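Enquirer: Given next are the chains, with one letter for each unit.
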Amino acid sequence: MSYIEMVLAVPLLGVTALLFVPSWKTQTIRNIALNSSLLTFLISLLLWIEFDSSSAVFQYTNGICSPSGFSDVTLARAASSSSFSALNFALGVDGISLFFIILTTLLVPICILVSWNNIEIYVKEYCIAFLVLETLMLTVFSVLDLLLFYIFFESVLIPMFIIIGVWGSRERKIRAAYQFFLYTLFGSVLMLLAILLIYFQTGTLDIEMLYLSDFSETRQCILWLAFFASFAVKVPMVPVHIWLPEAHVEAPTAGSVILAGILLKLGTYGFLRFSIPLFPYACIYFTPLIYTMSIIAIVYTSCTTIRQIDLKKIIAYSSVAHMNFVTIGLFSQNTQGIEGSILLMISHGLVSPALFLCVGVLYDRHKTRLLRYYSGCGQTMPLFALLFVFFTMANISLPGTSSFPGEFLVFIGAYQNNSFVAFCAATGMVLGAAYALWLCNRLVYGVSKPDFINTWSDLNRREFFMFAPLIAGILWIGVYPEPFLDAMHCSCIYLLYAQ
Amino acid sequence: MYLEQSFHKQISFSSFLFENDFLALFPEIFLVSTGIFLLVYGVITSTSKSLNYPLLSYNISWYAIMALLYTSLLIYNSPINNAVLLYNTLVIDDFTQFVKITCLLSSACCISMSLQYIQTQGDNAFETLILILFAVSSMLFLTSSADFISLYLAIELQSLSFYVLAALKRNSEFATEAGLKYFLLGAFSSGLLIFGCSLIYGYTGVLSFSECAKIFAAGVVPFDGIQAVTTESALVSLGMVFILAGFLFKIAAAPFHMWSPDVYQGAPTPITAFFVITPKIALFAVFLRVFLQSFYDLFPIWQTLVIFASLASMLVGALAALSQSQIKRLMAFSSINHVGYLLAGFACASIEGIQALSIYLIVYIFMNIAVFSILLCNMRHTHNNGLPRIKYITDLAFLAKTNPLLAFTFSIAMFSMAGIPPLAGFYSKAYIFFAALGSNLGVLAVVGVCTSVVSCFYYLRLIRIMYFSTPKTWCSTARVPRTNALALAISLFFLIFCMAYPAPLHLITHKIAIALCV
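In the order they appear, the protein sequences are chains A and B.
Residues 1 to 499 (UniProt numbering) make up the first sequence, in order.
Residues 1 to 518 (UniProt numbering) make up the second sequence, in order.
I should point out that these hints are in silico values taken from the structure, not numbers from a laboratory.
Quantities reported herein were computed from a predicted structural model and do not represent experimental measurements.
Incorrect hints may appear among the rest.
[Said to hold, decoys possible] Pairwise CB distance ranges, derived in the manner of DEER restraints: (1) A:122 x B:173: 38 to 48 Å; (2) A:19 x B:214: 51 to 61 Å; (3) A:457 x B:496: 35 to 45 Å.
[Claimed, not checked] A few chain B residues facing chain A, derived, Cβ under 10 Å: (4) 293; (5) 305; (6) 307; (7) 402; (8) 418; (9) 421; (10) 427; (11) 429; (12) 430; (13) 433; (14) 434; (15) 449; (16) 450; (17) 457; (18) 469.
Each residue gets a CB set at the ideal place from its N, CA and C atoms; glycine is no exception.
Let's have the full structure, built from the sequences with the hints guiding it.
Expert: Structure, rendered in structure tokens:
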């Protein structure tokens, strides 16, 4: 059993254990969920420790090739004569997916920790939903089959729909859940047809085989657009980003953490894994489209952020801006850009969840997310204020925090390709500083409003523990990003220059 | 020695003319005679004064389940697997075996799901079960029919039982209306069918599918000794179009779907479940045989029509269901939508298409079993002690609160019907699209994909009502009966884990597709 199989198996074992615990034993349920997700995290760290960063091939592959794992001759033959037999549960990790896996396993225990007290209904179902979601997301990042990637990419919808709809905060949550579901679904069904078309041409859906195959130029463009329809919704690019603020605002805190930390990365991961290496011609052909959409998104959402009054919406829109930096880096056709964008994704996966956690902390205490009720948190909650300012600084990519090396590399990459784009994207830095500092100003400084805010309790120990790994990660990447860049370097080069 | 053996065979064949035929037909004979036996038993016992006029429905439904299970065992173990019986009237092969077993098991499931309904309803209509048995046996004959006469006779026996079943609740206006509508439209469609058959017969002079195939393949018909008339004639096409129209009527495909929402809504729920789940597979089986065997050389003509019907069914099913408020009507439109996907597999007419169609049918049966075994459970209001069942979709609102497991199963079934990935419904839909792309029917694939997103709206609406809305009247479910729970568990397991190990399903459907196409 390879490490990656163990990583996938542990949350499922946790789910199985949870099924047998009666639902009134909430404390036991939470303990089981937390421990199994922590164990998953530790095993996933082993993936990194044992990782051979001098090779671009997929590591920890499990070598299952028949759909069933059965060696029965007739079954294998029947399967190979019928068409979806190419569906193989081959798993593997390379420098690109490694950090997404670790990010996922890191965030899930935090999600369970953040909802330790504030989830009171359906605790068991909640924990099960999160562990199932974790397995699905880990599978998306580690699976080496295009159709299976699609299947797990989509199946994330079901637990997320339930999480937003059941444990979300207000009446509007239903609309949010609907929007989330239907936007994503409509984007991705076209991708299904594209996958089937690829299968018709090549006869395989294995990623490594597909990297070696060639498509005609027109077909590349059609396939690229079909994939784009799906990924652009997930990223989100600008005309189809409406679902994101809604879903974020209505989701419970842990839901937002997962949504911002992992689910937004699915789209960019898809670009990275499939669009760029499979359709190189179409990528160059459509780069102006991506650049235009990304720049519009950066400027537009940054300006939108300034006038929001809902705390979560502010952070959600700033996520949109950051993810569009990532797409600019991805399509810059050089290693700096791609490595920078991966680093930026990881960093955004730490910073944005941290900010959502901060909002969650405030919401737990005062049950509102509207900014006008808050002011002067620095006086009543000094520790919280310190952390909030720190994470805000990370959000505007202050040097020394994790976002800086990522964004810097993205700018280098974009500048080499198209200096005008780099210039336009850099305005996002200024606008980002504007909204983030403005938010910080209104929330942390000023006089507190005792009419609205009449309970003063700073962070407790549980909350501090859920922030601690994020702080550590942000500082580590900010000060010493080498271990991360080293591990992904070979894979990125292979991705760009393999053909 | 060799000669001797063959001589011996000849002797035995001529002396026992029907011996092998009876052996091969044993399952059907068993089922029909069980039906007759149960009818006699029911009539005699239910009118017996000494037994105080007992209610027999529950009793007889167990016998019926047993009979169906035994028949499927008999078919599975049948010594003759590949034969043409009764002077080219019936045919049995892998395909018919599979279809028959599926029919039998799904109808056994339907009866066992409605056991509690039958018990609590309290009306002494044991003839329902007898009629169901006869309908199932007619499906068996239908599946293996090899000429137009046996096809028509089997369809008529099935439809006749269905007309009576639809109008079974004599004191309900809806049921009588449903029965009447079903009878009129069904008789009309049978008329279309028989007119098509008679045109074909009048033109070719043969009734058997294989003879027809030979004539059409040769491109000529023996017409008064002069072999000059080609099959491209308008009359043959006309006959075929009539047969196709009859078929589309029977499966409720879109231009001919008007009867199905009314009938599904008006009929009692167990009967609706039976209508939704079982007859489609038998009808698809026999018409696949007709169109792939006899009319294969007229492929371009019927393919266009089937593509049209498929597109229309997908659109009608997806759009019309958006505004339904009654659950059975919603399921009727959803089944029209599914028929659209099935017809997309039909239109491909390739091995992949047939395989996709049979996978879709199996998944469709499982999904509907899950839905209807929930609808057939008893629900109890807190205020009055009546036993209302789910009629409007808003009646589902309490389900997630009072019985979360049931709600979970229902929503999994809904997600699966909508075609969301890890579930079986996605697998079957993806396979249909795959087959459609393989036969250059990209339009079907694109429209199918879009309508599946549209249909997501109303499947999600059911889930939303269950999970997110607060009910006006609180109902609580009475204890879910054991048979329903079993059916639910099996279908849930299938829907979730089908993707994990699809190889057996593939193997079976591939085998039957080859049996049909070669």
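Enquirer: Confirm or reject each hint.
Expert: Comparing the hints with the structure gives:
Checked against the hint of 38 to 48 Å, the pair residue 122 of chain A and residue 173 of chain B passes, with Cβ atoms roughly 42 Å apart. The hinted window of 51 to 61 Å between residue 19 of chain A and residue 214 of chain B holds, with their beta carbons roughly 60 Å apart. Restraint check, residue 457 of chain A to residue 496 of chain B: a C-beta distance of roughly 43 Å satisfies the suggested window 35 to 45 Å. The restraint placing residue 293 of chain B at the interface with chain A is violated, with a minimum CB-CB distance near 23 Å, outside the 10 Å limit.
Among the interface hints, the one on residue 305 of chain B is violated; its C-beta lies about 24 Å from the nearest C-beta in chain A, farther than the 10 Å criterion. Because the closest C-beta pair between residue 307 of chain B and chain A is about 17 Å apart, greater than 10 Å, the hint is violated. For residue 402 of chain B, the interface hint is violated, the least distance from its beta-carbon to any beta-carbon of chain A being 14 Å, above 10 Å. For residue 418 of chain B, the shortest C-beta to C-beta distance to chain A is roughly 8 Å, which falls under 10 Å, so the interface hint holds.
Below 10 Å, beta-carbon pairs count as interface contacts, and residue 421 of chain B has one with chain A at about 4 Å; its hint therefore holds. Given the 10 Å rule on beta carbons, the hint for residue 427 of chain B holds: about 8 Å separates it from the nearest Cβ of chain A. At its closest, the beta carbon of residue 429 of chain B sits 9 Å from a beta carbon of chain A; the interface hint therefore holds under the 10 Å criterion. Because the smallest distance between the Cβ of residue 430 of chain B and any Cβ of chain A comes to about 6 Å, under 10 Å, the interface hint for this residue holds.
A least Cβ separation of about 6 Å between residue 433 of chain B and chain A falls short of the 10 Å threshold, and the interface hint therefore holds. For residue 434 of chain B, the suggested interface contact is upheld, since its CB lies about 5 Å from the closest CB of chain A, less than 10 Å. Hint status for residue 449 of chain B: holds, given a least beta-carbon distance of 4 Å to chain A, under 10 Å. At its closest, the beta carbon of residue 450 of chain B sits 8 Å from a beta carbon of chain A; the interface hint therefore holds under the 10 Å criterion.
The beta carbon of residue 457 of chain B comes within 7 Å of a beta carbon in chain A, closer than 10 Å, and the hint placing it at the interface holds. The criterion of a C-beta within 10 Å of any C-beta in chain A is met by residue 469 of chain B, whose closest approach is roughly 8 Å, and the hint holds.
In summary, the numbered hints that this structure violates are 4, 5, 6, 7.
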